[in-house]
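First to last, the protein sequences are chains G, B and C. Position one of the first sequence corresponds to residue 1 (UniProt numbering), numbered consecutively onward. Position one of the second sequence corresponds to residue 1 (UniProt numbering), numbered consecutively onward. Position one of the third sequence corresponds to residue 1 (UniProt numbering), numbered consecutively onward.
Read the hints as simulated data drawn from the structure, not as lab findings. Here a beta-carbon is modelled for each residue, glycine too, at the ideal position from N, C-alpha and C. Worth double-checking, as some hints may not be accurate.
Facing chain C, a subset of chain G residues (Cβ under 10 angstroms, in silico) [stated by the list, open to error]:
1. Leu33
2. Gly56
3. Lys59
4. Thr73
5. Ala76
6. Arg77
7. Ala78
8. Gly81
9. Glu248
10. Ile347
11. Leu349
12. Thr418
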Amino acid sequence: MTTHIRLGLYGAAALAVATTTTMAQDAPSIELLHWWDGASGEAVQTMRGLFEEKGGTWKDTTVSGEGASAMATLRARALAGNPPGAVVLKGPDIQEWGSHGFLRDINAIAETEGWNDLLAPTIQGAMQYDGAYVAFPVTVHRNNWMYTSVKALDAVGAEPPTTWEEFNAVATKMQDAGIIPVALGGQKWQEITLFEAVGLGMGVDWYRDAFVNLDDTALNAPEMQATLEQLRTMMGWVDSASPGRDYEQTAAMMLAGEAGFQFMGDWELGALAQQDAEVGVDFLCLVTPNNQGDPAFLLNADSIALFNTEDANELAGQESFARIGMSETFQTAFNKVKGSIPPRSDIDLADFHTCQQKSAEDLVAASDAGNVVLSMGHSMAVPGNVRGAIMDAVSEYMNTDMSPDDGAEAIRTAIEITR
Amino acid sequence: MTFSTSEQAAAPRRRPRLDSRVTERLVIGLSLTPAFIITLIGTFIFLGWTVLMSMTDSTLFPSTDFVGLEGYWQIWKYPRWQVAAGNLFTFGPIYMLVCGVIGIGMAIAIDQNVRGENIFRAIYLYPMAVSFVVAGTIWRWILNPGTGVEALVQGMGFESFVFDWITRKDRAIYTVIIAQVWQHAGFVMALVLAGLRTVNRDIINAAMIDGAPTHTIYRRVILPSIAPIFVAVFFILSQWALKTYDIILALTGGGPGIATDVPSIFVRDMMFNRGEIALASVASVYMLLLLFTLMAIYKSYQVIARRRTKQ
Amino acid sequence: MSDSSAATAAVSDGTLGEVMGRLVLYALLVLLGVYFILPLAIVVITSLREQGEILRNGVLSWPEEVSARAWREAMFNSCVGTDCRGMAPYFWNSVKMVVPATATSTILGAITGYALTKFKFPGSEFFFAATIFGIFLPAQLFLLPTAQMLGWLGATNIWGLVIIHNLYGLAFTTLFFRNYYVQIPDEIVAAARIDGAGFFAIFRRIVLPLSPPIIVVVVIWQFTHIWNEFLYGATFTTGTDLPITAALYAVTGPKGGIRDYGVEAAAVIIAALPTLLVYVAAGKYFVRGLTAGSLKG
Numbered sequence: 001m002t003t004h005i006r007l008g009l010y011g012a013a014a015l016a017v018a019t020t021t022t023m024a025q026d027a028p029s030i031e032l033l034h035w036w037d038g039a040s041g042e043a044v045q046t047m048r049g050l051f052e053e054k055g056g057t058w059k060d061t062t063v064s065g066e067g068a069s070a071m072a073t074l075r076a077r078a079l080a081g082n083p084p085g086a087v088v089l090k091g092p093d094i095q096e097w098g099s100h101g102f103l104r105d106i107n108a109i110a111e112t113e114g115w116n117d118l119l120a121p122t123i124q125g126a127m128q129y130d131g132a133y134v135a136f137p138v139t140v141h142r143n144n145w146m147y148t149s150v151k152a153l154d155a156v157g158a159e160p161p162t163t164w165e166e167f168n169a170v171a172t173k174m175q176d177a178g179i180i181p182v183a184l185g186g187q188k189w190q191e192i193t194l195f196e197a198v199g200l201g202m203g204v205d206w207y208r209d210a211f212v213n214l215d216d217t218a219l220n221a222p223e224m225q226a227t228l229e230q231l232r233t234m235m236g237w238v239d240s241a242s243p244g245r246d247y248e249q250t251a252a253m254m255l256a257g258e259a260g261f262q263f264m265g266d267w268e269l270g271a272l273a274q275q276d277a278e279v280g281v282d283f284l285c286l287v288t289p290n291n292q293g294d295p296a297f298l299l300n301a302d303s304i305a306l307f308n309t310e311d312a313n314e315l316a317g318q319e320s321f322a323r324i325g326m327s328e329t330f331q332t333a334f335n336k337v338k339g340s341i342p343p344r345s346d347i348d349l350a351d352f353h354t355c356q357q358k359s360a361e362d363l364v365a366a367s368d369a370g371n372v373v374l375s376m377g378h379s380m381a382v383p384g385n386v387r388g389a390i391m392d393a394v395s396e397y398m399n400t401d402m403s404p405d406d407g408a409e410a411i412r413t414a415i416e417i418t419r
Numbered sequence: 001m002t003f004s005t006s007e008q009a010a011a012p013r014r015r016p017r018l019d020s021r022v023t024e025r026l027v028i029g030l031s032l033t034p035a036f037i038i039t040l041i042g043t044f045i046f047l048g049w050t051v052l053m054s055m056t057d058s059t060l061f062p063s064t065d066f067v068g069l070e071g072y073w074q075i076w077k078y079p080r081w082q083v084a085a086g087n088l089f090t091f092g093p094i095y096m097l098v099c100g101v102i103g104i105g106m107a108i109a110i111d112q113n114v115r116g117e118n119i120f121r122a123i124y125l126y127p128m129a130v131s132f133v134v135a136g137t138i139w140r141w142i143l144n145p146g147t148g149v150e151a152l153v154q155g156m157g158f159e160s161f162v163f164d165w166i167t168r169k170d171r172a173i174y175t176v177i178i179a180q181v182w183q184h185a186g187f188v189m190a191l192v193l194a195g196l197r198t199v200n201r202d203i204i205n206a207a208m209i210d211g212a213p214t215h216t217i218y219r220r221v222i223l224p225s226i227a228p229i230f231v232a233v234f235f236i237l238s239q240w241a242l243k244t245y246d247i248i249l250a251l252t253g254g255g256p257g258i259a260t261d262v263p264s265i266f267v268r269d270m271m272f273n274r275g276e277i278a279l280a281s282v283a284s285v286y287m288l289l290l291l292f293t294l295m296a297i298y299k300s301y302q303v304i305a306r307r308r309t310k311q
Numbered sequence: 001m002s003d004s005s006a007a008t009a010a011v012s013d014g015t016l017g018e019v020m021g022r023l024v025l026y027a028l029l030v031l032l033g034v035y036f037i038l039p040l041a042i043v044v045i046t047s048l049r050e051q052g053e054i055l056r057n058g059v060l061s062w063p064e065e066v067s068a069r070a071w072r073e074a075m076f077n078s079c080v081g082t083d084c085r086g087m088a089p090y091f092w093n094s095v096k097m098v099v100p101a102t103a104t105s106t107i108l109g110a111i112t113g114y115a116l117t118k119f120k121f122p123g124s125e126f127f128f129a130a131t132i133f134g135i136f137l138p139a140q141l142f143l144l145p146t147a148q149m150l151g152w153l154g155a156t157n158i159w160g161l162v163i164i165h166n167l168y169g170l171a172f173t174t175l176f177f178r179n180y181y182v183q184i185p186d187e188i189v190a191a192a193r194i195d196g197a198g199f200f201a202i203f204r205r206i207v208l209p210l211s212p213p214i215i216v217v218v219v220i221w222q223f224t225h226i227w228n229e230f231l232y233g234a235t236f237t238t239g240t241d242l243p244i245t246a247a248l249y250a251v252t253g254p255k256g257g258i259r260d261y262g263v264e265a266a267a268v269i270i271a272a273l274p275t276l277l278v279y280v281a282a283g284k285y286f287v288r289g290l291t292a293g294s295l296k297g
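Using the sequences and the accompanying hints, generate a full structural model.
In structure tokens, the structure reads:
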């Protein structure tokens with residue numbers, strides 16, 4: 001896209017805004033409801049900075065606690081009739097809120113800004129309700145990373161494992177050397193992240209059938225058994241202080257070489273950067289082991305949905321926010337901090353982190369091979385109640401000595417009663 | 001302070017003028033209107049809303065499509081609800097017992113004319129003043145094996161010392177008891193102490209003259225005379241046990257796994273996180289039924305006690 | 001009512017057994033005191049230590065050097081979301097909410113309790129029972145209907161929270177006042193009525209002057225509960241209007257990198273300070289007020 005065209009687009013957009021929103025042009029305001037704290041919280045600062053640069057008033061509503069509390073706040077405020085102007089919403093939640101008529105149609109902006117040319121078709125679809133854009137994407141996270149401690153790997157003199165068999169061999173060596181092989185923080189969302197990585201490694205298509213499409217045959221397939229058996233083995237390699245530990249603290253153990261492998265999405269890069277860790281020196285970003293060869297991409301995209309409002313300042317703020325959110329400047333800055341890759345496909349990643357560049361390459365390869373899977377555990381694939389029930393069952397399995405058979409049955413029951 | 005009823009002779013009643021009585025009624029009516037509206041909405045309409053929702057197919061938003069009582073047996077298929085309900089019945093009684101015994105013990109101990117009574121009382125009572133976020137944060141540090149007691153004792157050279165209850169599925173619920181007792185025992189003490197201070201001295205003196213030892217006097221004379229306080233304590237502790245929520249959220253978040261789940265956490269999670277309003281309402285109604293049972297027990301105790309005093 | 005112990009008379013002068021008994025008693029009191037005071041002590045000590053020292057020696061350890069860094073940081077620089085002005089502004093948010101909410105719910109409870117005891121009417125007992133029923137309901141169950149109500153009222157702001165705290169506080173305040181006023185002899189009120197005093201005149205001249213002990217109890221109770229409330233405060237406030245409990249939850253929640261235990265500890269104390277001071281300063285009156293009859297009924 002040339003500068004000329006871009007200028008033209010901006011002009012058209014300005015015109016569109018001038019005609020659609022009346023008055024109050026001088027005081028655009030936005031309230032963003034989100035649950036990003038820690039390293040991701042810093043990424044929100046860049047968003048805020050850009051918005052305020054354009055003369056807007058930023059209102060930040062952070063609700064700590066992995067999104068659950070944020071959703072409680074959103075639901076209560078929607079019922080009370082004053083939802084925030086912008087909310088971090090994902091996957092099926094966008095459809096759900098759209099179907100209740102809460103989301104603002106921003107097709108006009110999407111058209112003038114040419115979003116269809118900038119976004120991959122799968123992402124376009126996820127941002128639309130009933131054929132119209134109601135949200136815009138800000139990140140593409142990859143969840144199936146295995147952050148590996150260089151110290152721990154060197155201590156046992158092992159090569160980075162690529163299959164589960166190799167992984168188990170290295171882990172056993174670490175165990176013998178007094179290193180905690182699996183660095184896990186025992187919080188439900190971290191547990192489901194590990195579960196997904198293991199399941200995906202047992203077969204990409206199987207995992208998609210079972211946990212995205214909730215297909216009965218797949219849920220009864222031998223891969224289910226294999227996944228749970230591998231998980232059982234791995235839980236034996238987790239230290240006893242795991243329950244409740246934040247992922248950042250867990251990352252510190254991995255960096256120090258006290259622990260070997262941490263299964264986590266690429267927002268981990270933010271936490272690692274805060275601890276001054278360097279790739280290749282302190283840690284490696286490896287793709288999680290898989291038994292079928294082709295690397296898969298477990299996709300988890302953050303997006304921001306805009307809620308209907310009648311306030312002229314907010315309407316103006318939303319439009320300004322949407323354009324900023326999709327701008328090259330913002331997407332570059334934001335994703336650098338978040339550890340993810342920009343949803344816009346036209347951004348040059350030359351000065352991004354090596355791990356992020358790898359992520360972008362793998363996304364292309366995985367798309368070609370049909371190996372992109374939406375993350376169930378991170379609210380991209382199934383309704384919230386189904387996801388929650390699966391997480392309960394998985395967490396229960398991981399924290400007890402339930403047999404793989406019983407575990408599989410518990411997961412199937414969980415899906416059955418919520419469907 | 002006490003109000004003596006015997007000293008003031010009741011004045012002969014004269015009938016106030018009619019119009020002033022009408023205005024007075026109006027004033028009383030008006031003065032009770034806020035309470036009436038608040039109670040009607042805050043208690044009964046909301047209660048009705050919950051019962052109504054429990055019989056609908058509401059998911060993400062309230063719906064009015066009725067499905068009857070189906071949810072009431074459907075809920076028992078949820079392993080989490082089973083764990084949550086089970087926890088209430090193991091956690092609840094132990095918490096109440098420990099809290100009651102420590103609270104009563106502290107009250108009796110303080111009642112022995114101890115020096116520095118004010119200081120002890122303030123120390124025992126202050127945890128009531130702090131919020132669950134505060135209590136949860138503090139106890140999480142103390143109980144966590146990496147930062148707390150275990151690390152401390154190991155650091156002193158006792159390498160094999162282990163205190164990792166908070167991370168153990170079968171023990172984590174007891175750490176909730178440790179923290180919750182810490183927060184509530186002082187209030188039990190305050191209630192019982194208040195009761196002890198109302199006991200008629202003459203009765204005690206009479207027992208003293210009979211030469212009974214202190215512990216006998218407590219067992220036979222003092223404690224029985226404040227039985228209503230124990231009932232109040234029992235009741236307050238039981239509804240606290242049922243409402244337990246904040247401290248678990250801050251301490252364990254319901255984990256490890258679902259080991260420290262309780263009904264009120266289940267309700268909140270289903271209602272907000274999962275978009276299962278109907279299911280959450282069913283769980284709420286079960287909690288309410290348990291409360292009604294407790295209240296019925298309390299009420300019948302009161303009736304019996306009143307009858308006994310009349311005799 | 002005197003403060004004297006029920007067992008005053010039971011204490012006799014020192015035989016050996018008596019002395020031993022006293023020793024055991026004090027040992028027990030001190031031991032329990034340690035259990036109760038230790039958590040607070042740990043937090044206070046931690047808030048005065050340097051971060052490097054905490055990481056080196058562990059969270060439970062004696063300070064090598066006393067530093068006020070964590071306090072400054074928590075008060076003025078710690079971040080809640082993207083707002084890094086420390087806890088101070090949130091402290092004021094809570095003050096702005098807790099003062100009107102405590103005042104209104106106390107006044108309402110006093111008037112209601114007074115009317116229900118001194119101006120009984122058919123059904124007043126039932127009215128009382130219905131009012132205090134709310135005590136037993138876990139408030140978090142009612143978040144959604146409350147939201148709907150506040151939407152209709154158009155009050156999703158600090159006044160909405162004041163309404164909420166009246167909604168869930170009235171049951172307690174009414175119970176306390178009613179049980180206290182029951183003990184004021186009806187004859188006093190009857191005599192005043194004969195002299196022509198009206199509803200509010202009697203309240204002002206006779207009932208209110210007798211009320212300070214129970215007002216202390218109710219104000220302490222409401223103040224601590226409203227100050228410490230989290231769920232409603234966090235749900236119905238936006239942006240930088242969060243109450244201090246929600247801000248504290250954000251400060252002590254997950255953080256990038258290594259936890260700053262010192263700042264968390266200081267934040268914990270800042271959030272708890274007002275209620276702690278109230279309990280320490282007025283705890284004696286709290287127990288006395290309870291003694292004065294708020295238990296019966």
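When the hints from earlier in the document are held up against this structure, which numbers fail? 2, 10, 11, 12
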